[in-house]
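Protein chains: 2
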Amino acid sequence: MTKINQNIHRFGEEERHGVYRAIYERRDMRSYFTPTPIEDDVLGRLLDAAHHAPSVGMMQPWRFILIRDAGVRQSVYELFKQANEAASSIYEDKQKALYVSLKLAGILEAPVNLCVTCDITSGRGRGLGRQTMPETAIYSTVCAIQNLCLAARAEGIGVGWVSIFDPDRLRSLLGIPAEMVFVGYLCMGYASQFDAQSELQLQGWEMPSELPNLIHFDRYGNTDEKRAAQLLGTLKF
Amino acid sequence: MTKINQNIHRFGEEERHGVYRAIYERRDMRSYFTPTPIEDDVLGRLLDAAHHAPSVGMMQPWRFILIRDAGVRQSVYELFKQANEAASSIYEDKQKALYVSLKLAGILEAPVNLCVTCDITSGRGRGLGRQTMPETAIYSTVCAIQNLCLAARAEGIGVGWVSIFDPDRLRSLLGIPAEMVFVGYLCMGYASQFDAQSELQLQGWEMPSELPNLIHFDRYGNTDEKRAAQLLGTLKF
Chain A
1 MTKINQNIHR
11 FGEEERHGVY
21 RAIYERRDMR
31 SYFTPTPIED
41 DVLGRLLDAA
51 HHAPSVGMMQ
61 PWRFILIRDA
71 GVRQSVYELF
81 KQANEAASSI
91 YEDKQKALYV
101 SLKLAGILEA
111 PVNLCVTCDI
121 TSGRGRGLGR
131 QTMPETAIYS
141 TVCAIQNLCL
151 AARAEGIGVG
161 WVSIFDPDRL
171 RSLLGIPAEM
181 VFVGYLCMGY
191 ASQFDAQSEL
201 QLQGWEMPSE
211 LPNLIHFDRY
221 GNTDEKRAAQ
231 LLGTLKF
Chain B
1 MTKINQNIHR
11 FGEEERHGVY
21 RAIYERRDMR
31 SYFTPTPIED
41 DVLGRLLDAA
51 HHAPSVGMMQ
61 PWRFILIRDA
71 GVRQSVYELF
81 KQANEAASSI
91 YEDKQKALYV
101 SLKLAGILEA
111 PVNLCVTCDI
121 TSGRGRGLGR
131 QTMPETAIYS
141 TVCAIQNLCL
151 AARAEGIGVG
161 WVSIFDPDRL
171 RSLLGIPAEM
181 VFVGYLCMGY
191 ASQFDAQSEL
201 QLQGWEMPSE
211 LPNLIHFDRY
221 GNTDEKRAAQ
231 LLGTLKF
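Taken in sequence, the protein lines are chains A and B.
Residues 1 to 237 (my numbering) are what the first sequence spells out, left to right.
Residues 1 to 237 (my numbering) are what the second sequence spells out, left to right.
Calculated from the structure, these hints are not laboratory results.
Everything numeric in this text was worked out from a predicted model, so none of it was measured.
We treat Cβ as the ideally placed atom computed from N, Cα and C, and that holds for glycine.
Worth double-checking, as some hints may not be accurate.
Here's a subset of chain A near chain B, in silico, CB distances under 10 Å, partners left out [what the hints assert, rightly or not]:
id, residue
1, A53
2, L108
3, I138
4, A196
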């Protein structure tokens, strides 16, 4: 098969660059939300991007709670604040000082919040692919979130994923039925800034890891730094 | 804030179109793998795209097993075949006939397989965001898979996610340690075709669901078809 045949379905340079740019320039947003409302058509595009995620057996188990009401966001923020105070207690000294200085959510500043849930009871897809790995229903819902995050980046919109809640209290606040899985809580808004690095890196909480160390060949444990470096050594986009 | 300010960080039209195109034209690939090898530099880009997924506390818990060995793929295929035969037994009559006619994995045809695992024991990120929702480590790994699937689409490469395995037998076959979570098994290769719709839809297994029904406003259960239709009625990319 010739080079040309290989690339029939490859995107052109600009479109391909757009995909990688979204992946590389996406940030978990906490600090830079502006109050500018997200227009209906843009928000619709983001939700539809999420709705086009892969899903096991075409189950499409995602259910969205779109939260713009300031009172609801205030109540959610209180839950975050309590959970965050509790979370800080496992750290000590300098690490604790750093933790409490971190801004970890933009619930009130972001004009749109989105709670993403998963209906694991749905019969859609007739169980295909779920008999051996039922957790794939939830994984499909996570893929929907990642689609939304990347489409948002292309629109200049920042998304921050907040996981510092008592999930049961959040479920109760938002009226999420017992049979639904609460997957993620997102803060969304036009961003004044996208940093070149993640906020946690810039604030000295954690540094990026090296990809070659994370690649095993044919079997777990069979790492090969030289082979991995060769794979990754020529990265060009 | 003016329209111009809102859009400082918005991508240009072509790049933005590339992101949506990857999202809409990605397919879960089973039938159309070509034997053309994936070049190292392309494979490196896909793995690096995965490595740039969001992760809780910057944990980056994904670990990749890159499988090109034909013997290993053959053994994985046997596990799939056994699990798939067992899975077919819950269906009856026409549904069973349809199920057994479906091609659900391209393990042997795809030149590259990738098993994605998650190290939930990693101390990276110092537990930030994981005290209340430890499952977010696995969700980060799923985001890495979705990044890879979208970058692959931009390269003309199809990815198929296989979940029809006995997970314990697959772990044992690939030597995955007990403390690691097996998240997903992917088949990857240049595709001869990307259908306009999903294979499961074309084969009549399941039809796409309507997005407006999946949107709740401010609280679960508060659906509003008219409001949702307004959000989504003007979709333009």
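query = Which of the numbered hints above does this structure break?
reply = Violated hints (numbers, rising): 2, 4; every other hint is consistent with the structure.
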